[in-house]
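Here the structure of chain U is known, so what remains is to put chains W and D in place on it, guided by the hints.
One line per chain: the protein sequences are U, W and D, in this order.
For the first sequence, the positions run 1 to 277 when this note's numbering is used.
For the second sequence, the positions run 1 to 298 when this note's numbering is used.
For the third sequence, the positions run 1 to 370 when this note's numbering is used.
Quick caveat, the hints were computed from the structure, so don't treat them as lab data.
A few of these clues could be false.
[What the hints assert, rightly or not] With the Cβ distance kept under 8 Å, some of the chain W side facing chain D (calculated, not the full set): (1) Ala45; (2) Val102; (3) Ser178; (4) Glu267.
C-beta atoms are modelled at their ideal positions from N, C-alpha and C, and glycine is treated no differently.
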Amino acid sequence: MSNKILSVRGLSRIHGEQCPLCISSTGPEHDTNMCSHCGSVVAAHDVNFDLYRGEILGIIGESGSGKSSTVKMLYFDDMPTAGSATFYDGDVQHDMFALNAAQQRSMRNKRFGMVYQNPHLGLNFQISAGGNIAERLLMSDLRHYVEIRTRAGDLLARTEVSRARMDQNPKTFSGGMQQRVQIAKALATQPPLLFLDEVTTGLDLSVQAAILDLILEIQHELGTAMIVVTHDLGVIRLLAGRTLVMKHGRVIESGLTDQILEDPQHAYTQRLVASAL
Amino acid sequence: MNAHYELPLEDAGYSFGFLDEYAKKEVRRCILKAISIPGYQTPYASREMPMGRGFGTGGLQLTLSLIGEDDTLKVIDQGSDDSVNAVNLRQFVQLTCPGVDVTEKTQEATLIQSRHRIPEKMLTEEQILVLQVPYPDALVVVEPSEARRKVMHGEADYSRLLVKLYEDVVRFDEITISHRYPTRINGHYVIDPSPIPRWDVPRLHQSPALVLLGAGREKKIYAVPPYTVAEPLVFDDIAFRVEDFRDANGQRIACRCCGSTVSFLDELIDDAGNITHQCSDSTYCEEQQETISARKRA
Amino acid sequence: MSYVAIKGGKAAIDGAAATTDYLRCKGGLQEPLTLAMIEEQLRLLTSRVVSEGGLYHPRLAALALKQFQGDTLEAAFALRAYRSTKPRLLESPVQDTANMRCIRRISSAFKEVPGGQYLGATYDYALRLLQLDLANEDPAAFKAVAKSFLQDTPDSEVPDNFPKVIDALRAEGLLPPVAPSRAAAFDITRDPLVFPVPRSAALATMARAETGGLLAMAYSNMRGYGDVHPTVAELRVGYLPVMLPHPVTGELMEAGEVLVTECEVVAMYEGTNGDELPTFTLGYGACFGHNEVKAISMAILDRALQKGMQDGPTNPSEDPEFVLLHVDGVDSMGFASHYKMPHYVTFQSDMDRLRTTQQKMKEQDTEETA
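Extracted from the complex, chain U is given alone in its bound form:
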């Protein structure tokens, strides 16, 4: 059995009308992702990568680079205009974009987890922190109240949210704690694959460090594969074994994170690394 969990090929997303010149007139060499002929935006084009069990893959780039678009498609928040993705779930392979909407929602609810930069996207602020986690457990057909309570409490404890706050509404929580609840919720179904989209952006440095530690611990304990999207080289350096660098919708460089940081090939990556030092 291969250790592969995800295989992405030719993934593309173009917003708007498409014309035959969209691809040739956008990208890093044109310094834009907007087609000058028809005005379409090439959010992502021809993204390819493989992800292995327990691995953390980083995607770094500035806003508009296509890093979040890529993750959104893989989490079914958006549909690609071209390309494919295969999810290897145990012995079963799923051609992700060939699944119907119900199958996609089921995969997303039970096999994937997502942590958004904005906790309002990932959490329901009308219900308690525990209720948020319960919702995911209920989606995967757990119907035992005491077990749901125990599991939710354990998950919150694991992400260092006090059990005493379990029945409180997350809107009363600090930003760092809201992210911890999001992570607990994402982990509720023990998914083999987790997406993290700028999860530490906007948090205090000390809170950032604690969240990043937590993510690493989870990876070690549970062997969860993750895709970490960020514009912060520090996050990549700490978390990701391998990294894709994206700009204007294209992957301009990819490889082992250490290698990219030591010996960046693309001029953009060189600037990025230089500015971070």
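Structure of chains W and D alone, referenced to chain U:
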């Protein structure tokens, strides 16, 4: 219209069953679909009836589409044959369906239209129960958009409804849904069983009688076919509980009229401010009283 | 002890009916209202009822207004219920409103329009000062008003038809051409609304919507919960000949005419597909009877809903479910009224839950203090 125009008065006569035959046939087709997909809310072109939306127009369209001259009809509201709305509906059916018999006796009826109650007496395979429905969709409390609710029903995704129950238990140590208790039919669709008390929900389960539910304003028909699984939505370790009619000492309160301790009770406050109880199902209560007096005579 | 709580339903209903009818006839009046009086002198009231009842029968509308003592919701409701007893015999072909015999026609988009502005009957520029001489109107003077108006207004002054303003805008390329193929209109009396619904379903629903409800939705858009910013290209009121196929020959022939108010609003242009030139966008409103506020509200909402259907709603007035499921007078008034019915059983269940919860909380408190 010119001032000398006269309304043709003979036009006001109504055909059997009020609705035109095409409309009744369409409703019957929807009923068949609803029975074929237990618990599924079948949309239909609900007609305007001569009583208010919300007064049982959905149930009435079912009744009028099904009723024939051989039928015997019972109409109840709040368990009583004589409450204003029941009287009103029964009179309307009698007016527009000449030849149809009406009864107050549950066992005599072939068709029973009811609002908010299922009769205490067990129904049979020969009977159809029509329930009037104000809100057909149990998901409306967690999702206002009908289009999105339709997808959730299709995928049997009731997690948000269950989260509401979870939050209830967390906050109150109790599920606070008092009536209209979400009930899962045949393992898939969760229905709003109409505003019957929780007391009546277990009687939907494996009911020998066909149960049809009609929402006139919301334009939906759904069904619990005979001998179908109907389970209130609960957690595995928290039991579904019906209304509790025990007094402070834990004694079951009896009906003040017939003495029954096994029926759903109405609570009454008399002029002196005392609380008393009597059966909500008036026919059941009267029959109990007759049985008692017959026994006394004997 | 007998069943006191809700016994006596039949007697109560009969009593209520008698009391209501007494109120209709009290006051020592000599004459009941005639249907013609209601239809003519309260023509705008009759208009509301034919439009909201979705049945063009002004005399029945007048009867309903008389019976329900001026309640437009109830009167419209009675027309709907009457209509439920009638089968649908045929589907009419598209009626061309250019053939309308106008009694009023204006455009606020152009100072001059082909055919000219024709103010007709309107209160728009009337001073809302109570006309106290109407309090005791002399029957002779009343008759004289109509007579002298007709004498002073020769037929030749009123053209039979007016060309449509939007046809001129179309000819100039300022509006998109009429889409060539059109699906059969959605019949809301025969099919339930299952969202998403086609535009024809939305138009039909609004055409028989309750005037006040429709106005409130449209007003929210006008005030800023939306951005239609309409210009009334044309508002016309008049008698539209209804052309129906002859049952034997199939040839179209005039079966009668209906009083209709029609409004077309033009809104600003939006981005287009590919090479097409941008054009203004159009909102359409039409209803039975003379009801200009309703036709304008409907036209604005039509535009707003088209936008919502295309791009997703950003305001309540652009959300088809929100607008279409809440503007029907018969549905909404029925449901508001139904709360007056007995709810003993459900309230019993409510009390059961509250008492159990109170009891549990008391027990918890005792445990905590113990």
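Now the hints, each set against the structure:
1. Ala45: Cβ of Ala45 of chain W sits 5 Å from chain D, so the hint holds.
2. Val102: Since chain D brings no Cβ nearer than about 12 Å to Val102 of chain W, farther than 8 Å, the hint is violated.
3. Ser178: Hint holds; Ser178 of chain W Cβ to chain D Cβ min 4 Å, cut 8 Å.
4. Glu267: 6 Å, holds
Checked against the numbered hints listed earlier, the structure breaks hint 2 alone; every other hint is satisfied.
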